[in-house]
Amino acid sequence: MTRLPLLKRRWVPWVLISACWAFVAVFYTTQTGLQATYAGATFAWWHVLRAELVYGFVWVLLTLAIIRIDRLVPLDGTGWRGALAVHLCASVLMSVLQPLAMVALMRALGWGTNPKPFWEVGKASIVGSFHVNMTFYWGVMGVRYILGNYLRASQLEAQLAQSQLQALKMQLHPHFLFNTLHTISVLMAEDPKSANRTLVRLSDLLRMTLDDVGAQVVPLKREMDFLEGYLEIERTRFHDRLDVRVAIEPGAWDARVPTFLLQPLVENAIRHGISPHARPGRVEISARRDGDDLALEVRDNGGGLNGSGASPRGVGITTTRARLERLYGEAHRFEIGDAPGGGVVARVVLPFRTS
Amino acid sequence: MAKLRVLIVDDEPIARRGIRQGLEAHPQVEVAGECGNGLEAVEAIRDQAPDLVFLDVQMPEMDGFEVIEEIGVDRMPAVIFVTAYDKYALRAFDVHAVDYLLKPFDEERFARALDHARSRIEKKTLGEELRGLLSEHFAGRKHLERLVVKSGGRIFFLDVAEIEWIEAADNYAELHAGKQVHLVRHTLASLEAKLDPDRFVRIRHSTIVNVRRVKELRPASSGEYEVVLLSGAVLESSRRYRKRLAAILDV
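Going line by line, the protein sequences match chains V and D. Going by my numbering, the first sequence opens with residue 1, and the numbers climb by one from there. Going by my numbering, the second sequence opens with residue 1, and the numbers climb by one from there.
Hints are not guaranteed to be accurate.
[Claimed, not checked] The following label-pair restraints were derived from C-beta to C-beta distances:
1) A247(V) with Q180(D): 52 to 58 Å
2) F156(D) with R71(V): 45 to 51 Å
3) R75(D) with G337(V): 56 to 62 Å
4) R353(V) with F156(D): 48 to 54 Å
5) R212(D) with R333(V): 53 to 59 Å
6) R333(V) with S206(D): 53 to 59 Å
Keep in mind that the hints were calculated from the coordinates and are not lab data. None of the values given here were measured: they were computed from a predicted structure. Ideal placement from N, C-alpha and C gives every residue a C-beta, glycine not left out.
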């Protein structure tokens, strides 16, 4: 069974919020208690503590309400002016309602000590705690934003590290690596020059992989260099069975693309489109500018998605999808589907940028 | 002693040359043939009956495991599996003590794998390890979806959905599909065991029918049925098997 990270489990926020308010209750009780003891008065610890706990309990509910409100009208969204107005109204309203709820609860529990009518006690309570309650409201908002930012930052960092690791693993796909080493080993005996060429290509690939691990985007030219090295090795391995065509529009070479974007798509085309069929296969790679967008395509002439229906489309694709989502959000498209006329086509559309 | 005849099966031409290179140092071994995919391998193993097969695990269309399954463990010659990287297969090879060779290899490792396979051939202890390996490998799979068929000099896969009925012919089986009849080297019992029992039902001792191709059941004499297929063919069922057919067709 997989376990959710601690902070993602449903009951955790409740427990944390309750614990915070219980701490506030104890904190106030001790302060009042120490003051009273210092002044030489008798002090009913339990009576004060239970009143503070009721106070805290009301605030637990209000805290959840604040989080709800903030989800609906976030202060850091585009409509922040309206959101601020909503929050101001809500903070005043809560600061008024909180003491009334508190008095009502104390009376219902039979812990109320003031014999005056409800409304009298309530009014006094509102006046007495309005400022504290306002402070609490905005304090809750502050903690929420600080914590939220912190969590988001650490999540992003983890994702980035993950995708870098994936990128590295993808290049060093063990099956590809060892088969290439074997190709070199065989060629060494019969064609040392070819063996050396393959070895140099493999070294280039490894070097580029290590160099680019930190970079998020590179010019398409660089990505194609990498791909060229990769394809040369694959051509040596599959030789008569692999025909690769590249069509890059002259203006597209400088466009920035995510590092290692194309390689997993091409690898997929080779592995799922070409390899499973004993006949020679073709892979077509194209890039062109389309208005403000860059359109990339990797197409094979294999059996299509249905033909190899059961075969998984690889970890590489999942990672690519997640990376594109993070880098471009709504501004990109990524589709893999059956190509008209057979085979599979992977299409990526990105904003055209040259820096 | 007669020369050891080996078959080399790998989808990468360079990798096949690698095995030939390894064999150069072993003059008592001769290469019976090379195959670039699983289908060719099945045909070559049947036609040439080699003593030993260097079998690549990952290949197009039909992988090494499927080649052995198609041939049948009992008829399979000795095998040395060859693979570049496949941690699951390697674990299984170790567990079931079959011979394997990792790419890349050197003369020493090649010689060790070959010697080992040779002593295994001499002791004739071949089948059991492969049987264990295969049953583990195919444990998750439910039923046979396609069959390797050779017709008119061509070897190809036949989707089981295309089969209308199967007729026993000694140790062979005739697959009736459309207007064609394909002869395969399987007994009716072994096919029945591999096919989905909800789709393929025995209607008499020597006949299995694809229930999706059945149009109607016609009562015949003495409680037997005639099974009429969509194609118009009429098969006879025997009383012994009537119940299963009736249960599946819900009559």
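Going down the list of hints, with the structure as the test:
| no. | hint | in the structure |
| --- | --- | --- |
| 1 | A247(V) with Q180(D): 52 to 58 Å | 43 Å, violated |
| 2 | F156(D) with R71(V): 45 to 51 Å | 59 Å, violated |
| 3 | R75(D) with G337(V): 56 to 62 Å | 42 Å, violated |
| 4 | R353(V) with F156(D): 48 to 54 Å | 49 Å, holds |
| 5 | R212(D) with R333(V): 53 to 59 Å | 41 Å, violated |
| 6 | R333(V) with S206(D): 53 to 59 Å | 58 Å, holds |
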